[in-house]
Amino acid sequence: MRPESESELAEIVAGLNEPVRVVGGGTRGVTGPDRMLSTEGLRGITLYEPGALTLVAQAGTPLAEIEAALDAEGQQLAFEPMDHRALLGSSGAPTIGGVVAANVSGPRRIQAGACRDFLLGVRFVDGQGQIVKNGGRVMKNVTGYDLVKLMAGSWGTLGVLTEVSLKVLPKPEASATLAIPAKDAATAVRILSEALKSPFEVTGAAYDPQQQRALIRIEGFAESVSYRTGRLQELLGQFGAVDPVEPSDALWQTIRDAVDFADTPGDVWRISVKPGDAPEIAARAEADRTLFDWGGGLIWALVPAGTDLRGRIGAFSGHATLVRAGADTLARLGRFQPEPQGIAALTQGIRQKFDPRGMFNAGLMG
Amino acid sequence: MDMPQPNPDVLARKANVLARLRQVLPEDAIIADPAETRAYECDALTAYKCAPMIAVLPSSTQEVSDILRICHDEGVPVVPRGAGTSLAGGALPTADCVILGVARMNEVLEVDYDNRFIRVQTGRTNLSVTGAVEEQDFFYAPDPSSQLACAIAGNIAMNSGGAHCLKYGVTTNNLLGVTMVLMDGRVVEIGGAHLDSGGLDLLGVICGSEGQLGVVTEATLRILRKPEGARPVLMGFDDNAVAGECVSDIIKSGILPVAIEFMDRLCIEACENFAHAGYPNCEALLIVEVEGSDAEIDSQLAKIVEIAKRHNPVELRESQSAEESARIWLGRKSAFGAMGQINDYMCLDGTIPVSALPDVLRRIGELSDKYGLPVGNVFHAGDGNMHPLILFDANKPGDLEKCEAFGAEILKLCVDAGGCLTGEHGVGIEKRDLMHHQYAPQDLEAQMAVKDVFDPKWLLNPAKVFPLDASAPRRVVPMAAE
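Protein sequences, first through last, are from chains A and B.
Residues in the first sequence are numbered consecutively from 13, following the numbering used here.
Residues in the second sequence are numbered consecutively from 21, following the numbering used here.
Keep in mind the hints are simulated off the structure, nothing from the lab.
One should not assume that every hint holds.
To be verified - Below, computed lysine-lysine pairings styled on DSS-like, alpha-carbon distance capped at 30 Å:
no., chain 1, residue 1, chain 2, residue 2
1, B, Lys187, B, Lys432
2, A, Lys145, B, Lys187
3, A, Lys183, B, Lys246
4, A, Lys183, B, Lys323
5, A, Lys365, B, Lys323
6, B, Lys353, B, Lys246
7, B, Lys432, A, Lys183
Unchecked claim - According to the in silico footprint, chain B covers these stretches of chain A (three or more CB under 8 Å from chain B):
no., stretch
8, 302–312
9, 342–352
Beta carbons are placed, not taken as given, at the ideal position from N, Cα and C, and that holds for glycine.
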C-alpha cells in the first residue's frame, strides 16, 4: 500500500483489518508483517525558510532531496542523521519520515542535539485512522503536550508520520579533526572528556580502538576553527602528539554510519551509556570490535551472531539496541532494551491509546 | 476565567485527608489553616486567586509518594507547585485541592564535570543550579527571566526557555533524566546520565506537561562549559520590517548568535526612561549577542555589523567591554520593570515564524487602537517568541476583561500567522480555552490520552492546559469509596 496523500493514508488505516509494517525508504532494517504501508507516496518539501531556519516536508520525501535543498542555502540537518545502508546492506532511499521515526542522530548529537531536539512539529495518522497534528514550525512552542518528542524514535508504533517540521542550521564553513593516541578506552574517554569540558565547542568526540586514537572535531568559521584547534592542541598535549587528520568530513561520515562494521560477520549493537561507564561496559561486552562515539556515550559493538550482549553486560544504566542481527536473534532478544516494569506499563498504555488495534509495527518496541 | 466547582464531597473529608497526611508528614510540612493556605492562593498570574484546601511541603521523594498515594485513594485533586512564578496560572489552586510544593527539596545530589551533568532535587532554583557549577566555569543553559526565583520543577513542567535558546535550546533539550512520582504513588526513573531513550521518549512528553503527568522530584541536567566571553551589538532601525529583514539576513549568513532581542518604540522609550541605558530614539532596536574568544567575537560582530549596515541602521553600537555590554543589556533586562512603572500590564508569550514579524506587529498596532490599550513588544527575534506587553489599569472596572480579550486576539493572530499560543510560559489556565484555536478535537484528544495513561483519574492539576469543555468528561472525580 502506497497512499499518495495524507487523507488517502488515513482512509487506508481506518480500513485496516490486519497488522502492517510501516516503512519509508525501508533502509533501517525494520522487520514485521509482510504487508507494508509505505509513506514514499507522500513526497515534497512544503515549506523552507532559510532565514527562519525552518523546513517542513512530507514524511516520504527522500533525505537526499532535503539535503540538496539545504545545501543550496548553506544549511544542514545539524543532528547528522546516520545512513544505515552500508551497515545493514540495505538498499532504497532513506526518507525524512524514517529519520524522525528512528530518531537517528550522528556524532554531532553531543553538541547540537538529537533528531528529536530539532523536530518542531509532526502530522501523523494514528491507529484508528485519525489525522493528528502536534507542535508546529516555530522553535519555541509549549502549547499543550509535546507529542513531537514522543513520535521521534517511536519507530512507527504510535502512528504513521505524514509531515515533519524541522529546525535546520547553517553548515559550518570549516571543519578540522585532531587525533590523539589512546592505548585503551579509559585513556580515550579521559581525552574526549577533557576536550568536551573545554569552552572550544567540540562537535565530534570518538575513539577508534583499531587505530588506537581519540578523535576530536572542531567546526565553524575558518578563523575560529583554526583558533580552537590550536587551543585544543595545547590542552590535549599532555596526552601525547595531537595531529590533524584529513579529510575531516569523510572521517566523521564513516563514524556516523559505523562503516567499519559493514560486511563483518556477526551482530551489531549500539549501547548508550554515561561516557565514564563506557570502558567498563565495553569490557563486559567482550566484543570482537568496538567503536566509541559521543565522547564514549555511544558504543558500537560487534559480537558473534546470536550473542545475548545484554546478558553479558548485566545491569547497567543506559540501554543497548540490537541494530543488525538475523530475524531469529531479533525475535529472541528484542531490538530494544527491555524496560523496567513501571516504564513498560506507561509505554504500553500509550501504545494502546494511539494504536489500540495493534496495527503498526506490532512487537517492534515490545 | 472559569474553574470547576470544588467537589463538596472532597471538602467534607478534609479532616480525614489531613489525618492521613499527618501519619506520613511532620507537622510543619502541613498547612491547613485557612489564614495560612492563602499564601498559596496564586502564582505570578495574580489576577486569579483561590486558596487551596491544604498545602503540603514534602522533603523527600518518599514523602511525595506518600502524599500522592493518599490523595489518590481519597480522590483529592493535587496541584504541584515549584516556586510559584508561573505567568500562566500553572500553580493556581482550586478550593478542594492539595497544593504540593517542592520548595524544601533543593539539594544538589551529584555534580559530574567529566560526564557533564548535575543531579538536583527539583525545588532548587534555576540560577542556583548554575551557582553549584560556576566554580568550574560551567553553567546550566536555560535562563528564564525569573531564574533567580523559579524552581527546576516548574522549569520542567513548563519546558521553560529564556533569552539564549537560539543556541542552547530550552529545558527539554537540556534535561537528561528525572525521578518522577505518579499520581498513585509509584516512583519511576526515566533517562539518566546517558543520551536518548531506549524506548518511547517519555522524558520528552513529561517535559512541558504542566504538572499533569506526575511530580518530578529529581532531575539530571546537562551542564556546559562557559564560553570564553560574550559581547552584544546594539542596532536601531526606523522600521520594524527592516529590523525583521536584518534578523533574517544575520541568520542566513551562517552566524548563530546566542541571543537576538527585539524591542519596539514603546518599549525602547519605557526602558530608556526607567534605566537610562542610552538607547536611541527609533522604531525598532535589536540586541545581538555572540560568544567565543575576543578575536572570535570581534570577527562575528564585524560580520553582523556589515549585514546591519545594508539595512540603514540609525544606530550601531558594538560593545568593546564588559561595561558597555552591561549597559546595552541594562534596558532590555529591565523591560518588564519599566513597563510596570507605567501601568499594570499583561505579558503575552505567542511565537510566530520570524518572517511574519512585520505583519504581526502591524496588526497588533491596529488591535491596540481598536481596544484603546497601549502595547509594547519585546521579542526573542531569533526564535520568534514574542512578548507583547498590554498596558491596562487593574483598578478600572472592565479594563482587565478588555485586556484579556485583546490578548486573546493577539494570540489567535500568532496561531494564524503559523505560530503558537505560547512559546515558553505554558498554557496553564491563561490560554487553556484558546487551545481550540490551535488544535482540532482529535489533536487535543491525543494529548489527553497521554494523561489518561499517567493519571487515569485526572487528579493532577486537572483543570489546566485543556479547554474545560474538552476535559470535562475526564474530570469526573470518583468517590473515595471506589
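Hints, verified against the model:
With a CA separation close to 28 Å, the supplied pair Lys187 of chain B and Lys432 of chain B stays within the 30 Å bound. For a cut-off of 30 Å, the pair hint linking Lys145 of chain A to Lys187 of chain B stands: about 26 Å separates their Cα positions. Among the hinted pairs, Lys183 of chain A with Lys246 of chain B is consistent with the structure: their alpha-carbon atoms are about 23 Å apart, no more than 30 Å. Restraint check for Lys183 of chain A and Lys323 of chain B: the C-alpha separation of about 16 Å stays at or below 30 Å, so the hint holds.
The suggested pairing of Lys365 of chain A with Lys323 of chain B is violated, with an alpha-carbon distance near 51 Å, which exceeds 30 Å. Annotation: proposed proximity of Lys353 of chain B to Lys246 of chain B holds, straight-line Cα distance about 21 Å (limit 30 Å). Of the supplied pair hints, the one linking Lys432 of chain B and Lys183 of chain A is violated, its CA atoms being roughly 34 Å apart against a limit of 30 Å. Interface restraint, the stretch 302–312 of chain A with chain B: holds (3 residues with C-beta to C-beta distance below 8 Å; minimum three).
For a cut-off of 8 Å, the count of residues in the stretch 342–352 of chain A with a CB near a CB of chain B stands at 4, and the three-residue condition holds.
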